[in-house]
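Chains as they are written, first to last, in this note's numbering: chain A, -3 to 175; chain B, 16 to 399; chain C, 173 to 539.
In short, the hints are calculated from the structure, not lab data.
Model, not experiment: these values are computed from the prediction.
Hints may be right or wrong, so weigh each one.
[Claimed, not checked] Chain C residues, not near chain B, derived (Cβ > 12 Å throughout):
1) 219
2) 234
3) 292
4) 307
5) 314
6) 412
7) 495
[Said to hold, decoys possible] Going by beta-carbon spacing under 10 Å, a handful of chain A positions derived as facing chain B:
8) 35
9) 36
10) 51
Just so you know, even glycine gets a beta-carbon here, dropped at the ideal spot from N, CA and C.
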Amino acid sequence: MVLITGYVKMNGTEINIKKTGFLKEYFGTIFTSLSSLLTGMKLTGYYFIHPNKIITEQYPDNRATLKMAERFRGEVTLPHNENNEHRCNGCQSCEIACPNGSIKIVTKHEISEDGKKKKRIDTWVYHLEMCTFCNLCIEACPSKAIVMGKKFEHSVYDKSQLVKILNKPGSKVMKEAEE
Amino acid sequence: MQMTRKPSDITTDAKSGEVLHHEGEFIINMGPQHPATHGVLHLKIWLEGETIKKIEPHLGYIHRGIEKMCERLSYRQFIFSTSRMDYLSAHINNQACALAVEKALGLEVPPRAKAIRIILAELTRIASHELWWACSGLDLGGVTPFFYAFREREAINDIMEETCGARLTQNFIVPGGVMSDLHHNFQKRVKRVLTQIKDNLHEYDEILTGNIIFQNRLKEVGYLSREDAISYGCTGPAARGSGLSCDIRKLYPYDGYEKLDFDEIIFNEGDCWARYRVRMAEILQSVHIIEQLIDSIPDGEFQAKTKNVIKLPKGQFYQRVETARGELGVFIVSDGAATPYRCKFRSPNFSNLSAIPQMAQGAKIGDLVAIMATVDLVIPDIDR
Amino acid sequence: MEKLHLLFVFSFSWLASHLNMWLRTGIGNSFLLLVTEMLIAGISLLAFLVILCFFLGYMERKVAAFMEIRLGPNRVGPKGSLQIVADTVKLLFKEGLTPDGSDKFLFNLAPFVVVVTSMLAIAPLAFARDFQLWDVNIGIFYVTSISSMAVIGILMAGWSSSNKYSLIGAMRSGAQIVSYELSIGLSLISIVILSGSLRLSDIIQSQANGWWIFKGHIPVLISFIIFIIASTAEINRAPFDLTEAEQELTGGFHTEYAGMKFAMFLLSEYINLFIVSAIAATIFLGGWMPFHIGNLTGFNHAMDYIPSSLWFFGKTFFIIFIIMWFRWTFPRLRIDQLLNLEWKYLLPISMGNTLLVSAMAVFGWYL
Ligand code: SF4
Ligand code: SF4
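With the rest of the complex left out, here is chain A (with noise of 0.2 Å):
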């Protein structure tokens, strides 16, 4: 099947093209390329006229209907209940544990109740623009209180508003997570 045998030398070694009659070999080749090129044209063709087969996601259009896999990775969030009570206490392990310096978790000390000094974070920051989504950070967090969020449209016309606050003015850390 050489329509067009190009040329023959490939780093100066001769390659034989089997002779089989010319003219057999010759009409021989039109009729096999014509039909592959025709095989070709049947399964475009098929498609065309298949507009039920079409696979394009209406994107922006299908935002109400858009369901990210559960555990897309979009960026990191750290869920507060209804009392406005997250769960993390400051032990900064998912800043040591994360590749790039995405998170800066600032600490203060807190006197409770009892007259005890307690860490608690102060501002928990996220680098959204530095992230690369590798979820190591919730995987180190030992009391869960980080996890991925399913938004993926993060672009903003200016880079620092993607630097996040996480933690909500004047939230509390949860009983049950404390320490």
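Assemble the complex: chain A is given as a structure, and chains B and C with the ligands must be docked to it using the hints.
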């Protein structure tokens, strides 16, 4: 017709006396921005008419210092950065790093984790080969195949997203196993994808493989002899198309490949067409491997117990795996600390690229595109 | 019923003759009359071509999309139909760069040469019954000679860009167009032999009792196939788009062009596509002649009710669709394979075919 050259026809560098070019030749720079180089590869090409006289690859446009970066990342962290080398075999790269660490620690990986790793690795290989097929069609001027292959690749990516959480740079492997257990849909969806691939492969043959134009573009083009493949250090499908047996999964099995039944695909012609057929057959082999495992994933732990801070013993450790493009070697020198003293990756694409000037000798510009398509370069893996 | 009948027989010839009459009453001077008529014809032709190109661009993108199992443009206008308009507006607002090292005069002239040559070839086409701009007695000869001039524009563009990719593209197109001219000419000649005239209207008339593709049996079928293949190569469309060859030459001869000058090349590509399809439809498929089957009078009568312009455009778009179908299915050939295909296959076959057709014409082996 051979042109006879007078000395005045030769332009030399004033300082070094190096021959820059001959009269009648011209030099074009293919890349760093060029539609066929799939990234920022820069090939300096000496042409005489349309015939290629000489090629000089220029590298370094996407060098990110991943090896150096690894020296200050812990053994848990450095795995993620290898996803950014050969991003189409991200999972297999991660596996290589984890295997190196496990080898150094003498850690036994639970059988379930091993099976999961292999299934995901083979899915990655299929996805990578699908992308390669799509792009080689595109490189040779056929746009339509691209979308047919992406249909299947998308299904695989969806599985990856569901189980690993990411589509391309999964980072699902940790030293001692995998990050989390399989998603409960996993088996069902993998089986569906496998049937989809097997059902649709005939379309690939109809639109490209059997197409006479496509065959003629690949046949007898880009010849690489077995000896050259060895001396350039080519691996993967690029070398197996030249009759070189180099499948690490067969030669140095890891993670339980030794227990599986699959063939190493070898073609002896050494041209682009042979390399093309190697990859097409490998898709089927990968499907076959997954089919053996998917119903018999062993129960048990998905991760071995490891210390919080992994410290490797003093010494040098080397682990090789078969990525979709060839042999990836991970070499770690440890001085006993929590980070590697030196980390070196032997990437398949770098060696494969070095053979391209040899393959393209005397070819046309159109052939160079075909050669690059069938060698399947991923540029970030060359530079790291 | 009467009204319906009028609707069906409405034709461009009626429009043209009425316009002529109306102008004749207004303008006495015969020279002025000629100039006015030419102006009207020219402007309406330009408008027609622009609209045609919009439509072809849209059609191409939709055809490509459907073959590639995707939706294609669907944002601008209903079903994305105004996408091309939006693209044109974008191109209009782009800066028309002229590279520093280029031959500025030739560089800026080339797009116009390309467009003008492709527009010239439209003159002898018959769009409908008795509706033809210029029924010249050497119609086919005129079309082939004009279309071979397109290569000059491409060579100009490639050479003057002072870009090596453009140069290679232009040289490729020189080799390509010159060689494929031959088989185009030979395949057209087979019909000229059969119909005995170079005049397009005569050729159409000769198909009143059946299109040549049916009357001419296998030899004409072979001519038709060769014509389609060779003209695809002649207008540089995939799988013969070596002059552009995006993956090899980044853009070929128009690598350096931007903005409206680039749009000119695009325009000429679509005009060329239309012209070769129209020629194929005229020569092989009977132009505006309706489809008739032997003595089935009822059926033939029903076919006659379809306006002749619809017949012409229907056939033309059918061939355009086939050429688009090629483009979105096949990979590209290499330059030496392209030339081999012409010199080793198409040319010898069409030569032999011409002999066959001559024999047919001599012995009257057609209807
Ligand atoms: S996902 Fe990875 S990169 Fe992002 S913050 Fe967590 S550890 Fe850092
Ligand atoms: S998020 Fe988790 S790991 Fe990070 S500081 Fe809070 S508790 Fe520690």
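We went through each hint and held it up to the structure:
1. 219: holds (32 Å)
2. 234: Its Cβ never comes within 12 Å of chain B, the nearest being 14 Å, so this holds.
3. 292: Per Cβ check, residue 292(C) is outside 12 Å of chain B; nearest 30 Å; holds.
4. 307: Fine: 40 Å to the nearest Cβ keeps residue 307(C) off the interface.
5. 314: holds (33 Å)
6. 412: violated (10 Å)
7. 495: holds (15 Å)
8. 35: Holds: closest Cβ of chain B sits about 5 Å from residue 35(A), inside 10 Å.
9. 36: This interface hint holds because 5 Å falls under the 10 Å limit.
10. 51: holds (5 Å)
The structure does not agree with numbered hint 6 stated previously, though it agrees with all others.
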